[in-house]
Amino acid sequence: MGSAVFVGFQKILVAFDASPHAERALDVALSMAADMNAKLFVVAVIRPPEPAESAEFNAVLEDGRERFERSFAPVRERAKLKGIELETEIAVGHPAEQIIHKADTIQASLIVMGKRSHTILHRWMLGSNSERVLKYASCPVMIVH
Amino acid sequence: MMNTWALSALWVGLALAATLLAIWFKISTALSEIVVGTVAQLVIGAFLAPGGLLGNTQWIAFLAGTGAIVLTFLAGAELDPVIFKTKWREASVIGLAGFFGPFFGCAAIAHYVLHWAMMPSWLCGVALSTTSVAVVYAVMLELGFNVTEYGKSILAACFINDLGTVIALGLIFSPFTFKTLIFVVVSIAVFAALPFLTPWFFRKYGGRVSELEAKYILFFLFAMGGLALWAGSEAVLPAYMIGMVLAGTVGKDHSLIRRLRTLTFGLLTPFYFIRAGSFVSVPAIVAAPLTLLVLFLAKSTFKAAVVYPAVRLHRYEGNSGAYYTLMMSTGLTFGTISALFGLNHQIITQAQYSYLVGTVIASAVIPTIIANSFFLPRHLLPHAQTSKKTEQSVQRPVAAEES
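First to last, the protein sequences are chains A and B. Mapped onto this note's numbering, the consecutive letters of the first sequence carry residue numbers 1 to 145. Mapped onto this note's numbering, the consecutive letters of the second sequence carry residue numbers 1001 to 1403.
Hints listed in this document are in silico derivations from the structure and should not be mistaken for laboratory results. Careful, some of the hints might be misleading.
Below, in silico cross-link-like pairs of lysine-lysine (DSS-like), each with a Cα-Cα straight-line distance of 25 Å or less [to be verified]:
# : chain 1 : residue 1 : chain 2 : residue 2
1 : A       : LYS39     : A       : LYS115
2 : A       : LYS102    : A       : LYS135
3 : B       : LYS1026   : A       : LYS135
4 : B       : LYS1026   : A       : LYS115
5 : B       : LYS1252   : B       : LYS1085
6 : B       : LYS1085   : A       : LYS102
7 : B       : LYS1204   : B       : LYS1215
Please model the complete structure; the sequences and the hints are all you need to start from.
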């Protein structure tokens, strides 16, 4: 038996919420994908308000879909310029759960995501998505500060 | 006495604060506004002005009432007629079970256990019979099952459930006079004509800056609401029905729905939900928390007891356990509308109103808190037993073995 040789990540999943942190994570992922000739998956998650109320819920969905579709346009351009194969998706639900689900579905070899700074209260009430992804993901996770 | 603009500033300021809280804590604006209304009434009433938020001021009541009517219309307009046509049989069985179970069950518990009088008990049944379509839809989208046959049935069932609530609210407390008959006949005629009249009217005169479409819809909502009140019924009943009959036409006009939402969320619903919250008596809830617990348990138990067999009846197994529980949550909109109707018509006392709104909030919030506090990566659960193996294999997902 010989030792394993790391040949690079073939499928890189970027969690994208159009924030500056996510933009930084996307920059890193684009560079890595170009260097390693990897396929790039970008997933954006719309988190519905809880408990959802019908009119508000549908408004949030529509608004989120439009916002992320707009954000994806420059990402597609940049990927095209670098010759990277790109797939985008807008999911709905708990961000950490949807990111992990997408990673499992596509058998991602790496998840890249930005880290947001939250207050203690926010972390206690809602937790941190990056921490949850780190805890439950079944592939390597890169957190970009 | 505060002048109109100062009072407006107070209410809109509270709405702004509620929206910020909703953004920070990722909760629905409706919930945030109810809670802010309750707290503001308590604090302002105790320390600043005896009248508190002055929720019974006529113009506040008008804006709040309009908010409830338009919100109900929008909820009805979100019905998918195609799904409904294909799934109406199952949807009717499950939806009616979801309505009648908690309706009779909670009414009985209120009457025999809490010793409420007959009419308050019926109102309790109505308020706790609702189901939030959005909660179901949200979870279905989250799980990726919104396109399955089963998911569609449940979604349609929720509409039937809420329709039961709205009809019960509109008719149970109605005096059933000649006026009621006129209201029913006119309603049927209007509901039958609107799906044909509306698209023609919008095609001919719509698409202008003067927002003819919004005025047209508001006219019918107000006119039918006025007729309902004249007949001793409730204005949200025709509003929901108009929404449902226009779901296939107006409901598909995203631009119009969006403009109506701007009007609704920007101005109307904050007044509705803050006002609904301001009538909640915290001292009453603190004095008898067991009442709230009894109502919450009654609502959950009766909903589960009838929805589950109805779901099994249609031979939905496997994921059915996960799905039917989605119908357990109470809709904030219809729950509070029913309770507020009872309070306004002096069917229930302020203490009973407080228990009902408290139960509505609890049944909407508790499942959410549990889900968030004990974050379960649902998609990973089926792989739990193989997690170690998976972990090992993904350590080197692209590793090449040297021979």
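Results of checking the hints against the structure:
{"no.": "1", "hint": "LYS39/A - LYS115/A", "in the structure": "holds, 23 Å"}
{"no.": "2", "hint": "LYS102/A - LYS135/A", "in the structure": "holds, 15 Å"}
{"no.": "3", "hint": "LYS1026/B - LYS135/A", "in the structure": "holds, 22 Å"}
{"no.": "4", "hint": "LYS1026/B - LYS115/A", "in the structure": "holds, 18 Å"}
{"no.": "5", "hint": "LYS1252/B - LYS1085/B", "in the structure": "holds, 16 Å"}
{"no.": "6", "hint": "LYS1085/B - LYS102/A", "in the structure": "violated, 33 Å"}
{"no.": "7", "hint": "LYS1204/B - LYS1215/B", "in the structure": "holds, 15 Å"}
When held up to the earlier numbered hints, the structure conflicts with hint 6 and nothing else.
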